[in-house]
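Engineer: Since the structure of chain A is provided, determine the placement of chain B on it from the hints.
Just so you know, the sequences run in chain order A and B.
The working numbering numbers the first residue of the first sequence as 1 and each following residue consecutively.
The working numbering numbers the first residue of the second sequence as 1001 and each following residue consecutively.
It should be emphasised that the hints constitute simulated quantities derived from the structure, not laboratory data.
Just so you know, not all the hints are guaranteed correct.
Claimed, not checked - The following residues of chain B were derived to be distant from chain A, with all beta-carbon distances above 12 angstroms:
# : residue
1 : A1020
2 : E1028
3 : G1029
4 : G1055
5 : A1069
6 : K1150
7 : D1167
8 : T1180
9 : R1184
Said to hold, decoys possible - Simulated crosslink set (DMTMM-like; lysine to aspartate or glutamate; CA at most 25 angstroms straight-line):
#  : chain 1 : residue 1 : chain 2 : residue 2
10 : B       : K1157     : A       : D68
11 : B       : K1198     : A       : D146
12 : B       : K1157     : B       : D1205
13 : B       : K1198     : A       : D173
14 : B       : K1218     : B       : D1112
15 : B       : K1157     : A       : D89
16 : B       : K1079     : A       : D173
17 : A       : K198      : B       : D1146
18 : A       : K157      : B       : D1068
19 : A       : K79       : B       : D1175
20 : B       : K1198     : B       : D1089
21 : A       : K157      : B       : D1167
22 : A       : K79       : B       : D1173
23 : B       : K1198     : A       : D167
24 : B       : K1079     : A       : D68
25 : A       : K198      : B       : D1173
26 : A       : K79       : B       : D1146
27 : A       : K198      : B       : D1167
28 : B       : K1198     : A       : D175
Idealized CB from N, CA, C, for every residue including glycine.
Number of protein chains: 2
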Amino acid sequence: MRVIELKESITASNDRDADALREEMRIEGTLLVNLMSSPGSGKTTLLSRIIEDLGGEWKIAVLEADIDAQVDAERMEEKGARSIQVHTDGMCHMDAGMTRTGLREMGTEGIDLAFLENVGNLICPAEFDTGAGKNVMLLSVPEGDDKPLKYPLMFMKSDVLVITKTDTMPAFDFDLVRCTERVRRLNPDIRIFPVSAKTGEGMADLENWLVTAVRDWKAGL
Amino acid sequence: MRVIELKESITASNDRDADALREEMRIEGTLLVNLMSSPGSGKTTLLSRIIEDLGGEWKIAVLEADIDAQVDAERMEEKGARSIQVHTDGMCHMDAGMTRTGLREMGTEGIDLAFLENVGNLICPAEFDTGAGKNVMLLSVPEGDDKPLKYPLMFMKSDVLVITKTDTMPAFDFDLVRCTERVRRLNPDIRIFPVSAKTGEGMADLENWLVTAVRDWKAGL
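Chain A extracted, bound-state conformation (with noise of 0.2 angstroms):
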């Protein structure tokens, strides 16, 4: 497992270098998921029971995206993900550039699915095109059903919202049919996931997606 450290790219252009990627990954057959969060809503621990679920029929790496520490990507390669860990440098999120040369140190030949583990921040990420083929974010239960009116552009920007630790609904005051009003007004077209990773719920759903969402990028859809 190695670790690179990486620099903001100098860079006027993130969207046309994200538009250049995407292309690449097109090409390759690869499907780029950026997975955004805050710190904590359990993007580490719904990735390995992808891993665990979708392994067997699909090739998965996982770029780990961190200012320090590295733990994630060895939970991923434990998992017998392909998985490489990237420092921003104090950064706050990952651009296009950085994100290009992540998977180009990890190796992304023969993979169908790579996750970019996004840094955990809820604001500075939905600013930057990584140049992914889908965006999903997470909100996880404890972190209340109001955050669609204090981060509206996170909310905005992502294809998929996964709902995530619905096992401790019974410990908070979170309120589904609530969030999902507040961000369906955000953002209409966008698919809604709750799951537990620890129990399995709703985990079937959320995995046909990924599923289909593989298939038709493959096929160029």
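Structural biologist: Using the frame of chain A, we list chain B on its own:
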């Protein structure tokens, strides 16, 4: 309740601005506490409890910084605290200039204890001195005990760590001893208070610390 829209201060000298604001607050006898954490770690609920418990003894005000919404400032006013909502124009943190503008708009005459509820973000707010007399961070039990490994700067910059939502310990795999060791390795002098604003557990110790901090601030200590 007013809402003001802020832009980032055009200044290369945030540290100097911060020192100047701190000196002004010292002369006024108002302790400014900068409250930082991830989204959804319980800053607003903790503040509600503190205002209930200490609002008879001290005059408390709250500067609520968010990218959008004004639900938090409304909650603070319901509790009887002076409050103003600041919108950060998409910015992921508050700097000293933005903090001064917010405080001056709100007014701090006669206020003993002013809280800045910073933008929910474990990264960027640690990089900008706001001019606060004390920096307090929250880490909630659901976020996990590995956060000091991933977001070290925030733990290094804080005078106090409040571990919130301790009533949910049974639902999560959070090791308080391991967390404390990780934090102390980054910051040996930090004060750590595990609390539940819901049950009241641990609140007395935290509030005693706050009362002493206000007294010391007014005495010029």
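Engineer: State for each hint whether it applies.
Structural biologist: Now for the hints, and whether the structure bears them out:
Distance check on A1020 (chain B): its Cβ is at least 26 angstroms (rounded) from any Cβ of chain A, clearing the 12 angstroms threshold; non-interface status holds. Distance to chain A confirms E1028 (chain B) as a non-interface residue, since its nearest Cβ pair spans about 30 angstroms, more than 12 angstroms. Distance check on G1029 (chain B): its Cβ is at least 32 angstroms (rounded) from any Cβ of chain A, clearing the 12 angstroms threshold; non-interface status holds. G1055 (chain B), annotated as away from the interface, keeps every beta carbon of chain A farther than 12 angstroms; the closest lies near 23 angstroms.
With a closest Cβ-Cβ approach of about 4 angstroms to chain A, A1069 (chain B) is found to fall inside the 12 angstroms limit, against its non-interface label. Residue-level check failed: K1150 (chain B) sits 5 angstroms from the nearest beta carbon of chain A, not beyond 12 angstroms. Consistency note on D1167 (chain B): stated as away from chain A, yet its beta-carbon is not over 12 angstroms from all of that chain's, at 8 angstroms minimum. Annotated as non-interface, T1180 (chain B) keeps its C-beta farther than 12 angstroms from every C-beta of chain A; the closest such distance is 17 angstroms.
Every CB of chain A is more than 12 angstroms from the CB of R1184 (chain B) (nearest about 17 angstroms), matching its label as outside the interface. This hinted pair checks out: K1157 (chain B) and D68 (chain A) have alpha carbons roughly 16 angstroms apart, not beyond 25 angstroms. Distance restraint check for K1198 (chain B) and D146 (chain A): the Cα-Cα separation of roughly 18 angstroms lies within the 25 angstroms cut-off, and the hinted pair is therefore satisfied. A C-alpha spacing of about 21 angstroms is found between K1157 (chain B) and D1205 (chain B), which places the hinted pair at or below 25 angstroms, so the restraint holds.
Proposed proximity of K1198 (chain B) and D173 (chain A) is supported: the alpha carbons are some 12 angstroms apart, at most 25 angstroms. Among the hinted pairs, K1218 (chain B) with D1112 (chain B) is consistent with the structure: their alpha-carbon atoms are about 8 angstroms apart, no more than 25 angstroms. This hinted pair checks out: K1157 (chain B) and D89 (chain A) have alpha carbons roughly 17 angstroms apart, not beyond 25 angstroms. For a cut-off of 25 angstroms, the pair hint linking K1079 (chain B) to D173 (chain A) stands: about 20 angstroms separates their Cα positions.
In summary, the hint linking K198 (chain A) to D1146 (chain B) is supported, as the alpha carbons are separated by about 18 angstroms, within the 25 angstroms threshold. With a C-alpha separation of about 16 angstroms, the suggested pair K157 (chain A) and D1068 (chain B) falls inside the 25 angstroms cut-off, and the hint holds. With a CA separation close to 23 angstroms, the supplied pair K79 (chain A) and D1175 (chain B) stays within the 25 angstroms bound. At roughly 32 angstroms between alpha-carbon atoms, K1198 (chain B) and D1089 (chain B) are farther apart than 25 angstroms, so this suggested pair is violated.
For the proposed pair K157 (chain A) and D1167 (chain B), the alpha carbon gap of about 34 angstroms is over 25 angstroms, so the pair is violated. Only pairs whose Cα atoms come within 25 angstroms are accepted, and K79 (chain A) paired with D1173 (chain B) is accepted, the gap being roughly 20 angstroms. Restraint check for K1198 (chain B) and D167 (chain A): the C-alpha separation of about 20 angstroms stays at or below 25 angstroms, so the hint holds. Only pairs whose Cα atoms come within 25 angstroms are accepted, and K1079 (chain B) paired with D68 (chain A) is rejected, the gap being roughly 39 angstroms.
At roughly 12 angstroms between alpha-carbon atoms, K198 (chain A) and D1173 (chain B) fall within 25 angstroms of each other, so this suggested pair holds. Restraint check for K79 (chain A) and D1146 (chain B): satisfied, since their Cα atoms lie roughly 19 angstroms apart, inside the 25 angstroms limit. With a C-alpha separation of about 20 angstroms, the suggested pair K198 (chain A) and D1167 (chain B) falls inside the 25 angstroms cut-off, and the hint holds. Restraint check for K1198 (chain B) and D175 (chain A): satisfied, since their Cα atoms lie roughly 18 angstroms apart, inside the 25 angstroms limit.
Checked against the numbered hints above, the structure breaks hints 5, 6, 7, 20, 21, 24 and satisfies the rest.
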